[in-house]
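Chemist: Now for the letters of each chain:
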Amino acid sequence: AQSVTQLGSHVSVSEGALVLLRCNYSSSVPPYLFWYVQYPNQGLQLLLKYTSAATLVKGINGFEAEFKKSETSFHLTKPSAHMSDAAEYFCAVSGYGANSKLTFGKGITLSVRP
Amino acid sequence: EPEVTQTPSHQVTQMGQEVILRCVPISNHLYFYWYRQILGQKVEFLVSFYNNEISEKSEIFDDQFSVERPDGSNFTLKIRSTKLEDSAMYFCASSESQNYGYTFGSGTRLTVV
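Quick note, the sequences are listed as chains V and H, same order.
In terms of our numbering, the first sequence opens at residue 1 and continues consecutively.
In terms of our numbering, the second sequence opens at residue 1001 and continues consecutively.
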């Protein structure tokens, strides 16, 4: 069984500041990990994924995440926030094969202040 | 860039009515999924579909739900007798292979009144 914990529901940063969105996972099998972004009234867009290759994963829009097995974490970062980054961010975990369904965290809303 | 297309974007239905939510996955994708998101809650897995059959379903996906790929391009979710608690955003997703990362559609907001 897999689960994801995203602590807090809302993060607010200033434009140009570091973005850090936390994700911790639990998985009984080696996990595949994903970050998705959802803009208002839109679907879920894949930001990046970890599939057991490099532990530092680079995604779209300048985001990256680091898989840390010892900490069971997959935190999402971006060095400098942009106004257009304001959205809801979901961390998700899956296994492989029969366990390939995505299990999502509850999501974090990112606000960016001018 | 290829997209997953869902129709309608918003549907209002009366309790007890049947609804069909439609999805056109990306053409070369082989794995298909339905998820739902009740307002303010997590995105939840409903069902996965591969090789013309259900490969996995959640506890939510009870007898009132069914999925079909009627013509090789569309992928539908039918809710036979809607309940108020079925009100949610329903997302279709498709994937080229397992764990490759899904492409989600923009969702259908279902409101049951």
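These are calculated hints, taken from the structure and not from any lab test.
Keep in mind that a hint or two might mislead.
Claimed, not checked - Pairs of lysine-lysine residues, derived as DSS-like cross-links and limited to a Cα-Cα distance of at most 25 Å, are as follows:
| # | chain 1 | residue 1 | chain 2 | residue 2 |
| --- | --- | --- | --- | --- |
| 1 | H | K1078 | V | K68 |
| 2 | H | K1083 | V | K106 |
| 3 | H | K1057 | H | K1042 |
| 4 | V | K106 | H | K1042 |
| 5 | V | K106 | V | K69 |
| 6 | H | K1057 | V | K106 |
| 7 | H | K1078 | H | K1057 |
What the hints assert, rightly or not - If you anchor each label on the Cβ, the simulated ranges turn out as follows:
| # | chain 1 | residue 1 | chain 2 | residue 2 | range |
| --- | --- | --- | --- | --- | --- |
| 8 | V | Q42 | H | E1053 | 47 to 57 Å |
| 9 | H | T1111 | V | S3 | 26 to 36 Å |
| 10 | H | G1072 | V | T109 | 35 to 45 Å |
| 11 | V | P114 | H | E1053 | 45 to 55 Å |
| 12 | V | S12 | H | E1053 | 37 to 47 Å |
Claimed, not checked - Facing chain V, according to a computed beta carbon distance under 8 Å, are these residues of chain H, among others:
| # | residue |
| --- | --- |
| 13 | T1013 |
| 14 | Q1014 |
| 15 | V1043 |
| 16 | F1104 |
Beta carbons: idealized from backbone N, C-alpha and C, even for Gly.
Chemist: Does each hint fit the structure? Answer for all of them.
Modeler: For each hint, the structure was consulted:
Our distance criterion of 25 Å between C-alpha atoms is broken by H:K1078 and V:K68, whose separation comes to about 40 Å. Note on H:K1083 and V:K106: the hinted pairing holds, with a Cα-Cα distance of about 23 Å set against a maximum of 25 Å. Restraint check for H:K1057 and H:K1042: satisfied, since their Cα atoms lie roughly 17 Å apart, inside the 25 Å limit. Restraint check for V:K106 and H:K1042: satisfied, since their Cα atoms lie roughly 4 Å apart, inside the 25 Å limit.
The straight-line distance between the Cα atoms of V:K106 and V:K69 is roughly 21 Å, inside the 25 Å bound, and the hint therefore holds. Restraint check for H:K1057 and V:K106: satisfied, since their Cα atoms lie roughly 20 Å apart, inside the 25 Å limit. Simply put, H:K1078 and H:K1057 have alpha-carbon atoms about 14 Å apart, close enough for the 25 Å limit, and the pair holds. Roughly 30 Å separates the CB atoms of V:Q42 and H:E1053, a value that falls outside the hinted 47 to 57 Å.
For H:T1111 and V:S3, the Cβ-Cβ distance of about 29 Å falls inside the hinted range of 26 to 36 Å, so the restraint holds. At roughly 39 Å, the beta carbons of H:G1072 and V:T109 sit within the given window of 35 to 45 Å. Taken as a hint, the range 45 to 55 Å holds for the pair V:P114 and H:E1053, whose Cβ atoms sit roughly 52 Å apart. V:S12 and H:E1053 have their C-beta atoms about 46 Å apart, which keeps the hinted 37 to 47 Å range intact.
A hinted interface residue such as H:T1013 counts as satisfied when its beta carbon comes closer than 8 Å to some beta carbon of chain V; here the least separation is about 20 Å, so the hint is violated. Taken as an interface hint, H:Q1014 does not check out: its beta carbon lies about 24 Å from the nearest beta carbon of chain V, beyond 8 Å. Below 8 Å, beta-carbon pairs count as interface contacts, and H:V1043 has one with chain V at about 4 Å; its hint therefore holds. Interface restraint check: H:F1104 against chain V, minimum CB-CB distance 4 Å, threshold 8 Å, status holds.
Checked against the numbered hints listed earlier, the structure breaks hints 1, 8, 13, 14; every other hint is satisfied.
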